[in-house]
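K.L.:
Residues per chain are reported as follows:
4 protein chains.
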Amino acid sequence: MSSVLIKNGRIITASDDYFADVFVEDEAVKLIGDKLKVQADRVVDAIGQYVIPGGIDCHTHMELNVGAATSSDDFETGTVAAAHGGTTTIIDFATQARGQPMRAALDEWLARAEPKAVIDYGMHMIVSDLPDRWLPDMDALVHEGVTSFKFFTAYPDRLMLNDATIFKAMQRTGENGGFVCLHAENGSVIDYLVQKLLAEGKTAPNYHLLSRPPETEGEATHRVIALAEMAHVPVYIVHVSSHLAMEEIRAARDRGLPVFGETCPQYLYLAYEDYADGSFEGAKYICSPPIREQANQEPLWQALAANDLQTVATDHCPFCMREGYKGLPKQKELGIGNFSKIPNGVPGVENRMHLVYQGGVVERGWSMNRFVEVTSTTAAKLFGLFPRKGTIAVGSDADIVLWDPNRKYTISAKTHFMRVDYNPYEGLTVDGSPSLVMSRGSVIFEGDQFLASPGQGEYLRRGTYMLP
Amino acid sequence: MSSVLIKNGRIITASDDYFADVFVEDEAVKLIGDKLKVQADRVVDAIGQYVIPGGIDCHTHMELNVGAATSSDDFETGTVAAAHGGTTTIIDFATQARGQPMRAALDEWLARAEPKAVIDYGMHMIVSDLPDRWLPDMDALVHEGVTSFKFFTAYPDRLMLNDATIFKAMQRTGENGGFVCLHAENGSVIDYLVQKLLAEGKTAPNYHLLSRPPETEGEATHRVIALAEMAHVPVYIVHVSSHLAMEEIRAARDRGLPVFGETCPQYLYLAYEDYADGSFEGAKYICSPPIREQANQEPLWQALAANDLQTVATDHCPFCMREGYKGLPKQKELGIGNFSKIPNGVPGVENRMHLVYQGGVVERGWSMNRFVEVTSTTAAKLFGLFPRKGTIAVGSDADIVLWDPNRKYTISAKTHFMRVDYNPYEGLTVDGSPSLVMSRGSVIFEGDQFLASPGQGEYLRRGTYMLP
Amino acid sequence: MSSVLIKNGRIITASDDYFADVFVEDEAVKLIGDKLKVQADRVVDAIGQYVIPGGIDCHTHMELNVGAATSSDDFETGTVAAAHGGTTTIIDFATQARGQPMRAALDEWLARAEPKAVIDYGMHMIVSDLPDRWLPDMDALVHEGVTSFKFFTAYPDRLMLNDATIFKAMQRTGENGGFVCLHAENGSVIDYLVQKLLAEGKTAPNYHLLSRPPETEGEATHRVIALAEMAHVPVYIVHVSSHLAMEEIRAARDRGLPVFGETCPQYLYLAYEDYADGSFEGAKYICSPPIREQANQEPLWQALAANDLQTVATDHCPFCMREGYKGLPKQKELGIGNFSKIPNGVPGVENRMHLVYQGGVVERGWSMNRFVEVTSTTAAKLFGLFPRKGTIAVGSDADIVLWDPNRKYTISAKTHFMRVDYNPYEGLTVDGSPSLVMSRGSVIFEGDQFLASPGQGEYLRRGTYMLP
Amino acid sequence: MSSVLIKNGRIITASDDYFADVFVEDEAVKLIGDKLKVQADRVVDAIGQYVIPGGIDCHTHMELNVGAATSSDDFETGTVAAAHGGTTTIIDFATQARGQPMRAALDEWLARAEPKAVIDYGMHMIVSDLPDRWLPDMDALVHEGVTSFKFFTAYPDRLMLNDATIFKAMQRTGENGGFVCLHAENGSVIDYLVQKLLAEGKTAPNYHLLSRPPETEGEATHRVIALAEMAHVPVYIVHVSSHLAMEEIRAARDRGLPVFGETCPQYLYLAYEDYADGSFEGAKYICSPPIREQANQEPLWQALAANDLQTVATDHCPFCMREGYKGLPKQKELGIGNFSKIPNGVPGVENRMHLVYQGGVVERGWSMNRFVEVTSTTAAKLFGLFPRKGTIAVGSDADIVLWDPNRKYTISAKTHFMRVDYNPYEGLTVDGSPSLVMSRGSVIFEGDQFLASPGQGEYLRRGTYMLP
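Residue numbers (this note's numbering), protein chains in the order written: chain E, 675 to 1142; chain V, 675 to 1142; chain L, 675 to 1142; chain W, 675 to 1142.
Just chain E, same shape as in the assembly:
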């Protein structure tokens, strides 16, 4: 592996902000110093640029079969797109089918990722079935680097666990050092509302929102926090979409509980008002929890600033609007005439860093430190990747992004690397973007030019969580 010397950059970590040179060798950061005089295979001048740790998107769903459709990005297209936007690690979800041993699910997902990923990746485990005899499998997974488990309070048919099972699983992870992630929506009430709306002939995409009122998210968030409090484990709420759910997290944290919350670009930038007209174009915005009324956006931004939410991930799970794009079958169109058949999910992995930089740093005056913390460092700590990932420090993997604050970039499906025929942020111009992206010392993107190969990404056996 070749060596690289990055000169004159402004290095940003979750806490630090200083000018220095960085020397990378053997995939890792070897030396940080003032005006380094060291031989390198390549010298990069980073003058005028931020040198930041590569982003970590801890919530993606590549090539996920959600029933009638499979998310359109596979581990190759998805990770290429991620890298283009400055993300150098993803954590995807191995999903246990009911009746399937968790280990088998993991193997299946690793087999998919291994030949394709161009950046490093870890796996969470989605638990959909947990008889007592399988509890030891959770312990085993923790030892193999799958140190986080996700449970659902929604989707009764496929994924929902009852409260006792979630509680039991929480107690087990409390013992084995695992970390608990929750999809918190009241699936029982939602399914009832879906059927009621459909029975009333309310089938357009916008009824998706009405079938999932914010109270269903707030309620379930409160509930799983209560379960975690009783089980004495930290809990991480994925994709917080509403003011209401966020307030539950804030209240728990005010009481000193180790409760964490993630939100996503779609909840920060998009709004129900974008699809309230009921046209089928609204299918672009269908994901769960739903993209909510605009009034929810600013409270979520404010909670990120105040550390009442800790991470921005994407829940990246794209589906095409039109059949035939790059040979893909019918996806969003499956839900014409029945919003509940629209595959749930939006693309985002490529633009997460763009959008948080723009909304946080440029428009709301965040420090670059907070940008790095929210997009990389905290995820690394919570999901057992720190300090290998999530910082720029001697010994860390050289997952480094040169972020150019003056490199304007206009988001568009015409130019994006994601394999999906629309971009929900179409036409939005951000003020800064990556000029160079490095994964374990190897330059994989220079501007818009992709320089890596499928399979170059490695599976990350993760350690146990570190509370940030």
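Hints were generated in silico from the structure; no laboratory data involved.
Cβ atoms here follow ideal geometry from the backbone N, Cα and C, with glycine treated the same way.
Treat the hints with care, as some may be off.
[As the list claims (entries may be wrong)] Simulated coverage check for chain V against chain L, where a stretch passes if three residues somewhere in it have a Cβ under 8 angstroms from a Cβ of chain L: (1) 689-696; (2) 706-712; (3) 720-729; (4) 778-787; (5) 967-980; (6) 1061-1067.
[Said to hold, decoys possible] Now the stretches of chain V that chain E is said to cover, found in silico as 3 or more residues with beta-carbon under 8 angstroms: (7) 828-841; (8) 1041-1052.
[Unchecked claim] If you want the ones that stay clear, here's a sample from chain E, every Cβ over 12 angstroms from chain V, calculated: (9) GLU699; (10) LYS870; (11) THR1138.
Once you have looked at the hints, place chains V, L and W on chain E.
P.N.:
Leaving out everything else, chains V, L and W in the frame of chain E:
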């Protein structure tokens, strides 16, 4: 029916406090005036006494079969005891068995009560099974005077409804004018904990508390309030036992929601510390939600004072400690060696007024108005009995209690009228008690002397709720 | 004094709601009964009408000299107007000038009121100067029926007391049974802002609002609650105008503190948006605290409904817009070119009951009980007039209003009885209004016809407070 | 200046935690790398040790005249003691006397510090007098590196500013980039209570607490936050001592306000229970705000963990218990017979790092990152010293501490370096302590051996704040 003139009393309603004479005729209050000169069959001098509306205990379980045992008071012994303590109305629960039409359940309960009750009684309906085709039965019941429905989030085997069903039922009552009562505990987690504790050999009565942590009550309280908010209906939480659950009610009310809470004497006076030793005597205190750590008591008293809780009822459901008392079979003893087999319930209907008077008026300086409001008026309004019951006003039923603030009374199983072989407040002396109790104009108790006959009580077809 | 029999009315108190006849004799209610057969000098048929206790406006300023101007209603015109709108008691403020003994201030105010008032009146004492040697005067006043004291945290030049003096006075009233009222605005910051705005040439009426941001009210409200908590006394916050101040009261009550709040029609109905244009017509709306942005209105209504605020009074203190109205000198016009010179105050005493009925009962579904409680009963209890005033009960003063729910009334300066040349609610039509108003058994208004004489009102020696 | 190579240490910043070598030259960090091969004048083996940024104590009072006494540590003894405990920067307070230009106060304080300090120091400015004509002096000070101003709501005689002046000063600092610190206690009420207690003969040291109830701190904290919110400036509350005051900060932060809070070791470790007996030994604990009931401690620790408080400083201001120690005059003894004469202040500068390490890392499981953040990094950012101080990064001053987690240290006045005859933590043994302390690359302590000279510390012209 004879007439009665009550002279020189101090009349107390939920708001008023004044001296006047009250003339009762034809079961009702006919005249209130200053130094009334009117002929009456009987003249009672109430000098030095409070003249208050008879108490309403809106939560009792007479002769309730809970599986292996039946609560030891029937509608005769239970209502005699109630009357002795100044309660002139009860609202009991017709309980639908799964598969049983609600109307059939009502008939069954009315048949039990009708020949025995000595005071007036209404019926709530406990809904344990609600296929869509039975929704119209709820509307019919409302028209027949069963205007309140109770749902359980606990007891998965017998009574628990899932969230969707509760939500559906809430929407229906929102349409038919009914009122919603909730038993709020997370039954799923509780049942898991019960099995876990038993498996660990933890079988003594005090483990009952550990199987039902306050978070299971706080969680379910939050959940049902969220469901009610979505369904746009008022909601009444029965038997609030913990600081945590009360805080959920307070928070909802602060947001302007029509949420109400009831607590019971056992949560105001008794504590886990009373049965923490693990001896089987602790079975006296086993009910659900459990009697909690003492630290919960004062917040509940304070919430009553501040109107964050609105009523004190009893959840009266007595079981004898020893086989053979008045010929009754084994009851609490069924749970020797397994706390989960102890029939859940404590006696209270006779002493509710004593205990609220003592704890509220005497010890915490409440006004007599608040005493009346908490023990009678608010229940009358919420459960559709006002102004027939719950006040002393012209036209109201003459359910009148002369409360003597100087008539000390020592609570004891030796002297109480309840058919149960212990009293959890044994030995407690209260400063005041009823000197005379009148039900629809008929004197049914004078001091400790019972003067009425079984069957004298009438079934109350209740109207729809009035928000107080 | 003659007797009156009111037949067939629907009697409303803070808690009761029933049909009965009321017989009034010797200024008081003598008898309440069903179809009374009693001789009376006059029989009034109240069919279709509510029979309610006369309103109590516990915050008025008749003929108050505020420096350059004197409020335009005197005790005659002001109390006639009050009576017209259904208010049969006012509590005005004797105002101690600095250096003046409080007793002298009281005598001065009683001398003004005595020959003129047509309804009964009490007096609070505004304390502006409290050397230690005058503390015993507070005790004396309590014994003479001036049982409430008002302190200001605003108006440094005339009325503001420092925190230590307020605290000292609170401790003293805690000992002598007096009741504490607070005008809560941060006068120090406000005076600074006034000078700053004027120096910047910002002189139009609307800058009045900008000189008194809601934080100045929220802050002072929090502060005086903290002082009262330390002094262990109840505290009553007058004229709550902002969401922020109300939230402080709610939070204190949630903690169990005896804290009470009053709001006024101007804060419930009017808004900054009414005078934001900067024209001098805005002077109509100038009072302190200022009439705030509209977003404050609904939270105040909701707080009244939820009993987080307890009373609606008026802070009635009218000033004419134009010189010469009924011979009055220049008043609001004094502030042309300098908002700080506009005499502060708005009229309201005549329309308070109209406005609360309309906004509460008609538009927001309040019970009539709450209407009575908010406009009469709670003030009677807090200010030591209960049960003489504030209810319809045997023995109470016959201050009775027949409220006709179908008697539409359009508010207008052209027809109002207040001596002021504008009405801030000009043109508003309310659905109900009084058809007859009785003060101690004497009919003083029938519809719009005034039937009483100046001086008919009596001074009320008030008792100590009763917590409602 | 000589160079130093620190090998094999575990480097901790506010975010990072990794093993590397650090090379120091020309007072600063030059190079961080893996197994550095570089020539150095001195090589230090840090195996088994944490390499952390030197502590910053942003709240000290060296040789402060508080009226009858002067704090017993001067800038020499105080900074030597600081260094011994791992603190390499202090920020002391130049205190403007009333009538004195602020620049003169600064010169006076710099003259005291310059010849004596052994570590670097900055100066805040305490503003006690602020006529409008002196506002430009605040701007000038900001340009000269005094970028933080402290205002008092207590001590009416010497330091207290009224609310308008604080507000005015806040607005000015909002414009000139300065930072606002507040001593928040209600001085008006406190002075009243002091006089009242003394008049009642309550003169023992413990009455100090009773003269300053927690509500006086909570109230003033709420008030200054409201002023800052109106002035649109960040605000920093010094020495938070009570649960109540902390909750105000938490609530403000939940609303998204830039509000920060500091607490001190005395509030985390000591309690009223330590001096409640009333003996004069209690004078050891007299400081303001007072050391409170023990129940306040855990909420403060929890708030530090949750980032609701951000820094731990000392408010170091020692006074001797006995006359004659090292030739010093009577100090604490001045208050025999009158608690209000006891010079207020406790020692702490030497033990702050010990105590936070022990209480936070050892006993409550904090990460070392949080330890560094709370004791150094956040203060550096808020007070304009970052990244020169507060981190270990290339280019930063080489203020480095080797913290040995196994070097037990027993706190005692017998061995401490502070010039005061008692230590409030006497006898407490902590598990870890500094083995080596470096100030700008110069080793000034090795274990307990002092190696530097008076005057070696430099004055720090600080920049403007950076929100962390």
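K.L.:
Next step is simple, just say for each hint if it's right about the structure.
P.N.:
Going down the list of hints, with the structure as the test:
Here the stretch 689-696 of chain V counts 6 residues with a CB under 8 angstroms from a CB of chain L, which clears the bar of 3, and the coverage holds. Residue count for the stretch 706-712 of chain V with a Cβ under 8 angstroms from a Cβ of chain L: 4. That meets the three needed, and the coverage hint holds. Chain L is given as covering the stretch 720-729 of chain V, and this is violated because 0 residues of the stretch bring a CB closer than 8 angstroms to a CB of that chain, at least three being needed. Given as covered by chain L, the stretch 778-787 of chain V fails the check, having 0 residues with a CB less than 8 angstroms from a CB of that chain where 3 are the minimum.
By the rule of at least three residues with a Cβ nearer than 8 angstroms to a Cβ of chain L, the coverage given for the stretch 967-980 of chain V holds, with 3 such residues. Figure legend: the stretch 1061-1067 of chain V, annotated as covered by chain L; annotation consistent (3 residues with Cβ-Cβ distances under 8 angstroms, at least 3 required). For the stretch 828-841 of chain V, the stated coverage by chain E is satisfied: 4 residues place a CB nearer than 8 angstroms to a CB of that chain, which reaches the threshold of 3. Proximity of the stretch 1041-1052 of chain V to chain E, defined as three or more residues with a beta carbon under 8 angstroms from a beta carbon of that chain, is not established by the 0 residues found.
Residue placement check: GLU699 of chain E keeps its beta carbon more than 12 angstroms from all beta carbons of chain V (closest about 52 angstroms). In this structure LYS870 of chain E is not separated from chain V by more than 12 angstroms, as the shortest Cβ-Cβ distance comes to only about 9 angstroms. Distance to chain V confirms THR1138 of chain E as a non-interface residue, since its nearest Cβ pair spans about 25 angstroms, more than 12 angstroms.
The earlier numbered hints that this structure contradicts are 3, 4, 8 and 10.
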